[in-house]
Amino acid sequence: MSHSENVLIIGAGLAGMTAGLELAHAGKKVHLVERLPLIGGKVIKDEESFPNLECSTCMVAPVQQDVLQNPNIVTMTYSSVEKIEGEAGAFHVTIKKNARYVSMTDCIGCGMCYEPCPVSQKNEWEENLGDVKAIYVPCAGALPNVPVIDAQICLKLTGKEECSACADSCMFGAIKLDDTDEMVEIDVGAIVIATGAGNYDASKLPQLGYGKLPGVYTPFEFERLFASNGPTLGELTLRDSEKNPEKVVILHCVGREEVGYCSSVCCMYSMKFAHFIKKKLPDAKIFNIYSDVCVVDKNYQKFFKKVEGADTKMLFSPTIDGVKVSGNGSGMKVSYRGGDGADESLDADMVILATAVVPDPEVGTLAEMVGLELDRHGFFAVKDDVAGSVETTREGLFVAGTAEGPKDVQTAVIQAEAVVGRVMSYLGKVTG
Amino acid sequence: MKAKVGVYVCECGPNISEKVDIDKILETLPGLEEYREIELVVKRFGLLCSGDGKTFLEDEINNNGLTHLVLGACSPRDHDKTFIGVCKKTSLNPFLYKIINIREHCAWIISDKDKATEKAITYIRAGINRVLFQSALLEKKLDINPDVLIIGGGIAGMEAALSLAARDRTVYLVEKDDHLGGKAVLLGGLLPRQGGGPAKIREKIESVLGNDMIKVYLESELEGVIGFLGNFEVIVGSPGDEEKKDLKVGAIIVATGSGLADPAILEGLDYSKTDEVITSMDAERMFSKEGKISLKSGGDPKSVALIHCVGREEKGYCSRICCNYMIKIAGYLKDQSADMKVTEFHRGLCLPDKADQGFQKEAEGRGVEFKRVRELTITGTNVRYEGMDGKSEGLKFDMVILAPALEPSEGTEGMADLLGVPLSESGYYQEIHQTTNPVATSIEGVFVVGAAHSPKGITDSMLFAQASAGKILSQLIPGGKITPEIKVSEILEAYCTGCGNCLDVCVYGAIYYDEGRGISVVNEAVCRGCGNCFGSCPSGALRTKHFTNTQLYEEMREAIR
Amino acid sequence: MQEKMENQELDQFKPKIVGFLCNWCTYAAADLAGSSKMEIDPALTVIRVMCSSRVDHNLVLTTFFSGADGVLIAGCHPGDCHYGAGNYYARRRYALLKKVMESLGLESERLKLSWISAAEGNRYAEVVNSFSEKIRQLGPNPINKMSGL
Ligand SMILES: Cc1cc2nc3c(=O)[nH]c(=O)nc-3n(C[C@H](O)[C@H](O)[C@H](O)COP(=O)(O)OP(=O)(O)OC[C@H]3O[C@@H](n4cnc5c(N)ncnc54)[C@H](O)[C@@H]3O)c2cc1C
Ligand SMILES: Cc1cc2nc3c(=O)[nH]c(=O)nc-3n(C[C@H](O)[C@H](O)[C@H](O)COP(=O)(O)OP(=O)(O)OC[C@H]3O[C@@H](n4cnc5c(N)ncnc54)[C@H](O)[C@@H]3O)c2cc1C
Ligand code: SF4
Ligand code: SF4
Ligand code: SF4
Ligand code: SF4
Ligand code: FES
Numbered sequence: 001m002s003h004s005e006n007v008l009i010i011g012a013g014l015a016g017m018t019a020g021l022e023l024a025h026a027g028k029k030v031h032l033v034e035r036l037p038l039i040g041g042k043v044i045k046d047e048e049s050f051p052n053l054e055c056s057t058c059m060v061a062p063v064q065q066d067v068l069q070n071p072n073i074v075t076m077t078y079s080s081v082e083k084i085e086g087e088a089g090a091f092h093v094t095i096k097k098n099a100r101y102v103s104m105t106d107c108i109g110c111g112m113c114y115e116p117c118p119v120s121q122k123n124e125w126e127e128n129l130g131d132v133k134a135i136y137v138p139c140a141g142a143l144p145n146v147p148v149i150d151a152q153i154c155l156k157l158t159g160k161e162e163c164s165a166c167a168d169s170c171m172f173g174a175i176k177l178d179d180t181d182e183m184v185e186i187d188v189g190a191i192v193i194a195t196g197a198g199n200y201d202a203s204k205l206p207q208l209g210y211g212k213l214p215g216v217y218t219p220f221e222f223e224r225l226f227a228s229n230g231p232t233l234g235e236l237t238l239r240d241s242e243k244n245p246e247k248v249v250i251l252h253c254v255g256r257e258e259v260g261y262c263s264s265v266c267c268m269y270s271m272k273f274a275h276f277i278k279k280k281l282p283d284a285k286i287f288n289i290y291s292d293v294c295v296v297d298k299n300y301q302k303f304f305k306k307v308e309g310a311d312t313k314m315l316f317s318p319t320i321d322g323v324k325v326s327g328n329g330s331g332m333k334v335s336y337r338g339g340d341g342a343d344e345s346l347d348a349d350m351v352i353l354a355t356a357v358v359p360d361p362e363v364g365t366l367a368e369m370v371g372l373e374l375d376r377h378g379f380f381a382v383k384d385d386v387a388g389s390v391e392t393t394r395e396g397l398f399v400a401g402t403a404e405g406p407k408d409v410q411t412a413v414i415q416a417e418a419v420v421g422r423v424m425s426y427l428g429k430v431t432g
Numbered sequence: 001m002k003a004k005v006g007v008y009v010c011e012c013g014p015n016i017s018e019k020v021d022i023d024k025i026l027e028t029l030p031g032l033e034e035y036r037e038i039e040l041v042v043k044r045f046g047l048l049c050s051g052d053g054k055t056f057l058e059d060e061i062n063n064n065g066l067t068h069l070v071l072g073a074c075s076p077r078d079h080d081k082t083f084i085g086v087c088k089k090t091s092l093n094p095f096l097y098k099i100i101n102i103r104e105h106c107a108w109i110i111s112d113k114d115k116a117t118e119k120a121i122t123y124i125r126a127g128i129n130r131v132l133f134q135s136a137l138l139e140k141k142l143d144i145n146p147d148v149l150i151i152g153g154g155i156a157g158m159e160a161a162l163s164l165a166a167r168d169r170t171v172y173l174v175e176k177d178d179h180l181g182g183k184a185v186l187l188g189g190l191l192p193r194q195g196g197g198p199a200k201i202r203e204k205i206e207s208v209l210g211n212d213m214i215k216v217y218l219e220s221e222l223e224g225v226i227g228f229l230g231n232f233e234v235i236v237g238s239p240g241d242e243e244k245k246d247l248k249v250g251a252i253i254v255a256t257g258s259g260l261a262d263p264a265i266l267e268g269l270d271y272s273k274t275d276e277v278i279t280s281m282d283a284e285r286m287f288s289k290e291g292k293i294s295l296k297s298g299g300d301p302k303s304v305a306l307i308h309c310v311g312r313e314e315k316g317y318c319s320r321i322c323c324n325y326m327i328k329i330a331g332y333l334k335d336q337s338a339d340m341k342v343t344e345f346h347r348g349l350c351l352p353d354k355a356d357q358g359f360q361k362e363a364e365g366r367g368v369e370f371k372r373v374r375e376l377t378i379t380g381t382n383v384r385y386e387g388m389d390g391k392s393e394g395l396k397f398d399m400v401i402l403a404p405a406l407e408p409s410e411g412t413e414g415m416a417d418l419l420g421v422p423l424s425e426s427g428y429y430q431e432i433h434q435t436t437n438p439v440a441t442s443i444e445g446v447f448v449v450g451a452a453h454s455p456k457g458i459t460d461s462m463l464f465a466q467a468s469a470g471k472i473l474s475q476l477i478p479g480g481k482i483t484p485e486i487k488v489s490e491i492l493e494a495y496c497t498g499c500g501n502c503l504d505v506c507v508y509g510a511i512y513y514d515e516g517r518g519i520s521v522v523n524e525a526v527c528r529g530c531g532n533c534f535g536s537c538p539s540g541a542l543r544t545k546h547f548t549n550t551q552l553y554e555e556m557r558e559a560i561r
Numbered sequence: 001m002q003e004k005m006e007n008q009e010l011d012q013f014k015p016k017i018v019g020f021l022c023n024w025c026t027y028a029a030a031d032l033a034g035s036s037k038m039e040i041d042p043a044l045t046v047i048r049v050m051c052s053s054r055v056d057h058n059l060v061l062t063t064f065f066s067g068a069d070g071v072l073i074a075g076c077h078p079g080d081c082h083y084g085a086g087n088y089y090a091r092r093r094y095a096l097l098k099k100v101m102e103s104l105g106l107e108s109e110r111l112k113l114s115w116i117s118a119a120e121g122n123r124y125a126e127v128v129n130s131f132s133e134k135i136r137q138l139g140p141n142p143i144n145k146m147s148g149l
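Line by line, the protein sequences give chains V, S and A. Terminal number for the first sequence in the working numbering: 432, no gaps in between. Terminal number for the second sequence in the working numbering: 561, no gaps in between. Terminal number for the third sequence in the working numbering: 149, no gaps in between.
There's no promise every hint is true.
Claimed, not checked - Below, simulated DSBU-like cross-link-like pairs (lysine-lysine); rule was C-alpha separation at most 35 Å, straight line:
{"hint": "1", "chain 1": "V", "residue 1": "45", "chain 2": "A", "residue 2": "112"}
{"hint": "2", "chain 1": "S", "residue 1": "481", "chain 2": "S", "residue 2": "54"}
{"hint": "3", "chain 1": "S", "residue 1": "115", "chain 2": "A", "residue 2": "14"}
As the list claims (entries may be wrong) - In silico contact screen, one side only, chain A against chain S (beta carbon under 8 Å); selected entries:
{"hint": "4", "residue": "57"}
{"hint": "5", "residue": "66"}
{"hint": "6", "residue": "68"}
For the record, the hints were derived by calculation from the structure and aren't laboratory data. By construction, the Cβ of each residue, glycine as well, lies at the ideal position given by its N, Cα and C atoms.
Starting from the given sequences, assemble the full structure and let the hints guide the process.
Here it is in structure tokens:
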């Protein structure tokens, strides 16, 4: 098999998009595969990013547009890598493009088709806080701005009813209810894994009440609740009522002991949340319960100090392990151990759990397919840390972003750019 | 020649056609008084962005010999690039075309059809008026030099050099010391997750010295720099040496590392030279040279206090690496004598890598004590502290090791000045974008990596270095060209008084003062066209291409007619 | 009698507002408001500039002298400017402009500066609608009255 100068990137978060754009800039042909119908990754779920509280959409949308409009990048959304054969320098890759039922070329993103669709479900991308129809885009402003039909609930596609309401409403003939999955085969010289990470499942810690007490939130639930393009248009209302929270407890390091590492971003996003709430609800009382503080960049501590005291009261607890959240009438009670070892408690109507960053739930399948080892935490292992952490244990395969371990956007982007350097030298070496 | 303007209104399926009376637009426009002097071609089309639409436009431009093109359609954010592409296939300069957003800004936000139509007409008239005053602009291509200058030969500088040399770039590595390796080569050991230890660093030095593509200048410094991405000219010299080297490079990487804060900045610290108090770097040096850590007075310490975060509050940031290397130093001590009492006084542990917490737990397992404190005073080797429970206690140790905060290395201000890169509040270089573009600076082609960027350990320093190499390798291709922004600002010589106001506002350092002519000049290869300088000029000498006063005034006048 | 006429005039008053929006944030917000089909007052016409810092004194004053009843300058939130600090300059110029306007006998409320990010489609709609309402209350640009327009 002859060597290829093309590159496959799996995952279109900021890490994958950055690597893609820079490789494309260097004249490489890039295949960017994303399993979701939209690109952008986790960052586009955040209204604002720490430390500068910059609007994430403003920050990421130009990158997304550049990716979609770059002639050297073939973006395949709603797709998955199915098979990788061959060897470094000459991989043969099979990609499955799931039936989207909407033509990427014909659809202009007008959104006329959602309204007529008779079925709806919880919007998973919005952390189930809002509803979407069977034909939907995950959020306003999603890119590419082309809907997808969920074949699991669509009346027509499940065979329940002869519906074609969406297709009838589309003036562009963009809806193809007879669409089928498509297999694409490509040859690439190098592969970049930028599949991101997930968050620790808070319901594994029943004492924290997640899933049972409606006032308990995961971090991304909160991000979407706060987002102005989110299900409440940024209105901070509690899940089970239309009321604004009055007493909020933000609990740091949830799951840290269980996973065995510090996730390095939770302190910062927890402080960000406190600041968000104070900005929208100046009368709310906010408490952050923490044990360690990890604010590692030259600008992070400054942000921390700004929020500490002004927006929230920091409560030290030697261990987060002992914290309990229980129902208390219509509200909740949070019990924890104080700095002096005595038991303390707080009333709250909203509790946000800063859950640890953990490997993506589907990482095992991917690792097996690409033939890569995972480290003991389940992230992609890198060859040798002193040599810089972007080369995996298999030649020709590179990793960037939170797929390698928890990190902030800056470090994810740095790894992506480092991958570009490595891939460029590597392709130079193998193709001569 | 009489202008011939093509105006095409996109139906966008029902999106525009149902909300806006397109026929009314087509009827109204040609009759307008203001268009007596020009020729107008007005038409509607189903979907301009479709394949058919693009062909249609291409034919229209060619067949009608259009001098200007105006499209009443959707947002330029969606399809500006699409239609620029169409223009490029024809002889029409893309800067003589304009897309008018009558979908997002009329059809979709005004439910009353008459009002929406009226508004669309206003927008299109404003657009036509603007386009008539637009000028054809030509894309420029500049040759580039793919070679790179790296300032600082620590681990970051060396890593960047090796990454670039691997892709056949000539690298000039300038180090002010008489050896390569920076701080890393001075250390007694590395973290366990960094397998290999100091020997690895020495290997790196050997590979750099043995690489033909890397020209190392020891005991040298950067003395002058002019130019821009792809075309820098730099002067490198050594103090005391008359002879200077003039080098031409395409990019510059700053890898000047960091210094260590003077422990004296920590309040509540009181010790003299003879006390058994040393810094972490002293400890590393001692361990590196002698394989153990001894008291100044000779002999092994039986108890050692390791003090984290010295100067953290004063500096305003966490140095990221200290918690980790202090645990490593505790390891040296425990290796030396398993019974040694080793106590780490910290203010919350910072263990940001996925392997770090395990490392800390292991140290705890070996009997290293971790004490979290609120307040701390040190008198000689006496440590008095207030714990998180509010109780105070005093302990006496044989030896105290301080972890001073990392700080920007000496000479950072001068270097920043020379390069035109601003410094952030923390005193470190300011990157162009903290999250999405962290190694680049506001001076295109100048990158900052390693501990010079912000406090960081070796692994991150190397990653930043590789990142800068990645950016350079993708931006500067040998034999390739760069296409700078076209919509740039320019200064009209006749009006400029040379006051220099504009120099101060340009974030990118795109404007320089031409002594000879006594005026300011915009370097078009550097300018990004934001237009900020425009508002700063009291003499009306500035012009921002494609956003000139005339263009905006004409658009505005129609908008409120 | 005269009062009545003025009221009538006011009823028919269709304000003309120019919105200078920065390309990177507020223009994107306007697009989002559009694709979310929000109802927005037609009084405002958008003019796209690359950065809020491009909107200098002359442009604003000329816009008023040409008869605009209101001018909105909107860009990225402080710290978010695509060009680093353009919006800080915009803010400084805005503060000065307000003074200049007062000295010219133009109500300074006719000029508004707003930071609207790309995700804030709803905020864009709110700002435009409330500003249009405000201008409606203020009535026509006095310059128009003077010149008998
Ligand atoms: C609650 C929270 C708030 C945060 N806030 C901030 C902040 O304010 N500032 C900051 O700097 N950092 C923040 N972070 C960290 C930030 O989210 C990450 O650094 C960043 O998202 C990493 O980007 P990435 O590209 O590596 O991964 P992601 O953004 O997760 O992107 C990975 C992409 O890969 C796709 N993918 C996954 N598996 C596959 C597969 N098998 N095939 C194809 N595609 C796949 C995913 O769908 C996703 O689109 C926060 C983290 C959390 C948890
Ligand atoms: C006590 C201690 C222990 C540490 N232990 C570890 C550890 O175990 N693991 C780890 O990962 N990190 C550790 N670190 C951090 C590590 O030392 C730094 O991350 C690393 O040295 C940064 O590399 P650098 O190349 O960016 O900077 P430096 O190592 O500081 O190198 C910068 C180089 O630039 C040169 N230079 C400076 N100014 C100029 C100029 N104007 N012109 C030319 N040359 C110039 C300097 O002479 C120097 O050679 C430790 C730090 C300390 C203080
Ligand atoms: S499928 Fe049709 S109706 Fe739906 S968004 Fe696309 S073009 Fe509009
Ligand atoms: S076919 Fe019917 S149920 Fe299925 S997506 Fe279209 S409108 Fe919804
Ligand atoms: S337009 Fe902006 S980038 Fe260009 S010279 Fe003026 S201030 Fe600098
Ligand atoms: S502000 Fe105007 S007059 Fe002054 S130096 Fe710049 S261009 Fe010349
Ligand atoms: S780019 Fe939006 S204000 Fe400068």
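Are there hints from earlier that the structure breaks, and if so, what are their numbers?
Violated: none.
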